[in-house]
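Number of protein chains: 4
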Amino acid sequence: MSQTLTRTIDLNCDMGESYGAWKMGADAEVMPHISSANIAAGFHAGDPATIRKTVRLAVDNGVAIGVHPSLPDIMGFGRRAMKISPQELYDLIIYQAGAVEGFARAAGAKLHHVKCHGALYNMAANDQPLSDAMARAVKDLGGGVILYGLAGSTMMACAKRHGVPAVGEGFADRGYMNDGTLAPRGQAGALIEQEAKAVAQALAMVEQRTVTSLSGKRVAVEVGTLCLHGDQPGAVAFAKALRREFTARGIGVSAP
Amino acid sequence: MSQTLTRTIDLNCDMGESYGAWKMGADAEVMPHISSANIAAGFHAGDPATIRKTVRLAVDNGVAIGVHPSLPDIMGFGRRAMKISPQELYDLIIYQAGAVEGFARAAGAKLHHVKCHGALYNMAANDQPLSDAMARAVKDLGGGVILYGLAGSTMMACAKRHGVPAVGEGFADRGYMNDGTLAPRGQAGALIEQEAKAVAQALAMVEQRTVTSLSGKRVAVEVGTLCLHGDQPGAVAFAKALRREFTARGIGVSAP
Amino acid sequence: MSQTLTRTIDLNCDMGESYGAWKMGADAEVMPHISSANIAAGFHAGDPATIRKTVRLAVDNGVAIGVHPSLPDIMGFGRRAMKISPQELYDLIIYQAGAVEGFARAAGAKLHHVKCHGALYNMAANDQPLSDAMARAVKDLGGGVILYGLAGSTMMACAKRHGVPAVGEGFADRGYMNDGTLAPRGQAGALIEQEAKAVAQALAMVEQRTVTSLSGKRVAVEVGTLCLHGDQPGAVAFAKALRREFTARGIGVSAP
Amino acid sequence: MSQTLTRTIDLNCDMGESYGAWKMGADAEVMPHISSANIAAGFHAGDPATIRKTVRLAVDNGVAIGVHPSLPDIMGFGRRAMKISPQELYDLIIYQAGAVEGFARAAGAKLHHVKCHGALYNMAANDQPLSDAMARAVKDLGGGVILYGLAGSTMMACAKRHGVPAVGEGFADRGYMNDGTLAPRGQAGALIEQEAKAVAQALAMVEQRTVTSLSGKRVAVEVGTLCLHGDQPGAVAFAKALRREFTARGIGVSAP
Numbered sequence: 001m002s003q004t005l006t007r008t009i010d011l012n013c014d015m016g017e018s019y020g021a022w023k024m025g026a027d028a029e030v031m032p033h034i035s036s037a038n039i040a041a042g043f044h045a046g047d048p049a050t051i052r053k054t055v056r057l058a059v060d061n062g063v064a065i066g067v068h069p070s071l072p073d074i075m076g077f078g079r080r081a082m083k084i085s086p087q088e089l090y091d092l093i094i095y096q097a098g099a100v101e102g103f104a105r106a107a108g109a110k111l112h113h114v115k116c117h118g119a120l121y122n123m124a125a126n127d128q129p130l131s132d133a134m135a136r137a138v139k140d141l142g143g144g145v146i147l148y149g150l151a152g153s154t155m156m157a158c159a160k161r162h163g164v165p166a167v168g169e170g171f172a173d174r175g176y177m178n179d180g181t182l183a184p185r186g187q188a189g190a191l192i193e194q195e196a197k198a199v200a201q202a203l204a205m206v207e208q209r210t211v212t213s214l215s216g217k218r219v220a221v222e223v224g225t226l227c228l229h230g231d232q233p234g235a236v237a238f239a240k241a242l243r244r245e246f247t248a249r250g251i252g253v254s255a256p
Numbered sequence: 001m002s003q004t005l006t007r008t009i010d011l012n013c014d015m016g017e018s019y020g021a022w023k024m025g026a027d028a029e030v031m032p033h034i035s036s037a038n039i040a041a042g043f044h045a046g047d048p049a050t051i052r053k054t055v056r057l058a059v060d061n062g063v064a065i066g067v068h069p070s071l072p073d074i075m076g077f078g079r080r081a082m083k084i085s086p087q088e089l090y091d092l093i094i095y096q097a098g099a100v101e102g103f104a105r106a107a108g109a110k111l112h113h114v115k116c117h118g119a120l121y122n123m124a125a126n127d128q129p130l131s132d133a134m135a136r137a138v139k140d141l142g143g144g145v146i147l148y149g150l151a152g153s154t155m156m157a158c159a160k161r162h163g164v165p166a167v168g169e170g171f172a173d174r175g176y177m178n179d180g181t182l183a184p185r186g187q188a189g190a191l192i193e194q195e196a197k198a199v200a201q202a203l204a205m206v207e208q209r210t211v212t213s214l215s216g217k218r219v220a221v222e223v224g225t226l227c228l229h230g231d232q233p234g235a236v237a238f239a240k241a242l243r244r245e246f247t248a249r250g251i252g253v254s255a256p
Numbered sequence: 001m002s003q004t005l006t007r008t009i010d011l012n013c014d015m016g017e018s019y020g021a022w023k024m025g026a027d028a029e030v031m032p033h034i035s036s037a038n039i040a041a042g043f044h045a046g047d048p049a050t051i052r053k054t055v056r057l058a059v060d061n062g063v064a065i066g067v068h069p070s071l072p073d074i075m076g077f078g079r080r081a082m083k084i085s086p087q088e089l090y091d092l093i094i095y096q097a098g099a100v101e102g103f104a105r106a107a108g109a110k111l112h113h114v115k116c117h118g119a120l121y122n123m124a125a126n127d128q129p130l131s132d133a134m135a136r137a138v139k140d141l142g143g144g145v146i147l148y149g150l151a152g153s154t155m156m157a158c159a160k161r162h163g164v165p166a167v168g169e170g171f172a173d174r175g176y177m178n179d180g181t182l183a184p185r186g187q188a189g190a191l192i193e194q195e196a197k198a199v200a201q202a203l204a205m206v207e208q209r210t211v212t213s214l215s216g217k218r219v220a221v222e223v224g225t226l227c228l229h230g231d232q233p234g235a236v237a238f239a240k241a242l243r244r245e246f247t248a249r250g251i252g253v254s255a256p
Numbered sequence: 001m002s003q004t005l006t007r008t009i010d011l012n013c014d015m016g017e018s019y020g021a022w023k024m025g026a027d028a029e030v031m032p033h034i035s036s037a038n039i040a041a042g043f044h045a046g047d048p049a050t051i052r053k054t055v056r057l058a059v060d061n062g063v064a065i066g067v068h069p070s071l072p073d074i075m076g077f078g079r080r081a082m083k084i085s086p087q088e089l090y091d092l093i094i095y096q097a098g099a100v101e102g103f104a105r106a107a108g109a110k111l112h113h114v115k116c117h118g119a120l121y122n123m124a125a126n127d128q129p130l131s132d133a134m135a136r137a138v139k140d141l142g143g144g145v146i147l148y149g150l151a152g153s154t155m156m157a158c159a160k161r162h163g164v165p166a167v168g169e170g171f172a173d174r175g176y177m178n179d180g181t182l183a184p185r186g187q188a189g190a191l192i193e194q195e196a197k198a199v200a201q202a203l204a205m206v207e208q209r210t211v212t213s214l215s216g217k218r219v220a221v222e223v224g225t226l227c228l229h230g231d232q233p234g235a236v237a238f239a240k241a242l243r244r245e246f247t248a249r250g251i252g253v254s255a256p
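Chains E, R, X and A, in that order, give the protein sequences. When the letters of the first sequence are read in order and numbered with this note's numbering, they come out as residues 1 to 256. When the letters of the second sequence are read in order and numbered with this note's numbering, they come out as residues 1 to 256. When the letters of the third sequence are read in order and numbered with this note's numbering, they come out as residues 1 to 256. When the letters of the fourth sequence are read in order and numbered with this note's numbering, they come out as residues 1 to 256.
If you are wondering where the hints come from, they were derived from the structure by calculation, not from laboratory data.
Which copy is meant is left open, so a pair is good if it fits within one copy or across any two.
DSS-like, lysine-lysine: derived pairs with alpha carbons at most 30 Å apart:
#1 Lys-83 - Lys-53
#2 Lys-160 - Lys-53
#3 Lys-139 - Lys-110
#4 Lys-53 - Lys-110
#5 Lys-110 - Lys-160
#6 Lys-240 - Lys-53
#7 Lys-197 - Lys-240
#8 Lys-240 - Lys-217
Excised from the complex, chain E in its bound form:
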């Protein structure tokens, strides 16, 4: 892989997670700092009006439009695992991707990527039949739509096998295990709260394609996109710090 490639990275963020009268997130503040928006599609958040406004905001900021499909669980914000069949997963993806694509089309844009939300993201990442259904869905959407998934996961391997464009996602602010998986949230070090440390982890992922695990092991990771947690208080400050450092080191930020 050429050096040029290692010098460009995508910054993605979940967007459009308001619903009707309820507001969530600071979309307008965060949007200028990212390259990919994962837009809620109505199943955990994101009523039609919110999708339209979020797509518009993305277009105005030159940000790539993705769909952020979820299990059908408005009441639980898509955070509760649910036993669904691979076919049910496939159907959920197509439906929600289509809905967001409708607004993208109406705004003169295109659907760029799919990144699952919450429990669906975690459930499908390392489940073979669900990963398979996921890859099949993105393939059937066609049009060059890219699958964003956990770097090093079964889903990424699945996408490769199906010939589906896919990009591995890394987390600057999450601790990693020796096998390259995320440390469970309960564990000490699972969340990285110091900005400097998170920036350093991001840089290592981009420049060296590695992450240092909680127990100190250097692990290879194939990260094409970094996740920015937009619902956290310091999201904008962190995004700025990250981009400042990237600029200083000649790393570009753009959607894959």
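Here the structure of chain E is known, so what remains is to put chains R, X and A in place on it, guided by the hints.
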């Protein structure tokens, strides 16, 4: 208008109105007899799995795939009028059209038309701001998507003004008023239950571009598509009778 | 009516309007200042967990527990009028009242009152068949449950005729018309933003049972409860100012 | 236990599983043959109008009114397991029980029992924290409400420990394992389709408090209520056969 044009008509039918464990309609029986399917999109009926299966059924029968968007009212089957703004209508159309288009795309097909469901159909037909939003939505969907609306309604005039492809819908089994509007359901003669009479009304609409009102007046109507009520017991029999008569008179049945 | 009675008033406020991951209102701050809580019941806001917490908060503050039933419209926050039958209204009330009553019972308390939300409140206030269904529902709930409705409305007259306990609601911060109805929101003076003016209007309602209309006419009103708009920035400050003035004048605040 | 007690059994059936325009079940046909109705409460089926009608039907037939609470999953008919916390389960039970109790009260009746639906029934049966939350919910509902749960399950033990009235449920038409649990649906013999065999199993449960497992072992079971699967074609015929046999043997059918 040339004679050839008067010799082709579209037969449309609402489809995919099951939901989860609940079944409705006889889609598999009706589909072979129509040329356009209006597929429920999840807001009054039509969960994602049902949409997928209905799209597949349409593709297998060479039937044009339309979306049948509704007010958000699963509990009321989209039959209860709801005070929504033109912008809300626009958003509802784009969302639901996109969702069905997603399944069409995944099946190698395209979204062909939009026909509103239930209360939304009636509310928007002769309301200027809603008709306007409707036309704007179909225009923004682009790709040649056609708007099906009540023949002679404000919505048809609106579509014309916006340069949106539109087709007027006629009803073989509904009584008409002198001004070309449908007789309210309570009124005597509002529903035409004799097959022969309904077939005759359909023929007049297609061949002479007229309908005879309940009080006997011949009224001009611009009908490009006839609505088949698929949820009625005799739907298949009526469709066959209609097509037999059409064939006998050299009238072709195909989607616009 | 004795002077003692005119010296007691109820302060009610809509409560529990969060939903799942989304927060709304400052319930914990407002609760200590009111005597009646109208708790959202899941149809425009208020998931089961939120109802439970809000009921607990009311119990802890000695506040009467009411249900705040809505049209079924989470996406529109119950603000969009919907054409429902009187029977549908009846069913919506019983269902939502029962649900909140379940939590009240589990907390060792009782359901005290019913006050409709948003579009349902306005639709039913002066519609005879809907008001009738409303009164019938509250009667069937039994157990002394009280109906809160717009003072002077058809609904209040209806409740009286059905022998249903009912209390008229007044608004300190809304302008009134000569016939005792609320000035439409668009109209100049419809919203009273000066605290002193709103306090004065509240006092006149409580002490003199009158309100001065926007054109200066003194109109009789039978107000047993005042509505506090809890979602407005100055809600707590206004509640305190009101209660300070009430205390100074020997007016008690308690639920009917 | 005295002989008299072994000579009375409850027949329960899931009821009110229509939703809006969609019909399910043959409630009016089945109701005369059962003693307990488990009424869907809006989360997997059962809109408010359906609940009202079903409660009325139960009252008219002298059938005890129970609630049939579900995970929040209309689209999946409550059949998909969902990872919920014990507190979430508690809240779901109170909400749905309250809603059905509201209609019971309005019809001059009372809520008699709680029996969970679908995935919730299975998830909670042998999960200690969920069973505990279940027992706590039924206790907090108070008023003598009875918990129906899988005979011999953790939930039954839990209810006993909490001092909650509880009744074990047996299945005439399901195969059992040596440990008294139900044979998984995939397994040979899991479903008993011959009427005579199912009647015999019911009789053994009632008269001898035993069931013969698929591998031939006689297992003790404490069954106070038998489940009738109302959605199956032969439901009414089976209920009649069962009751004929019960009558012949002096076994009464009544709610606990």
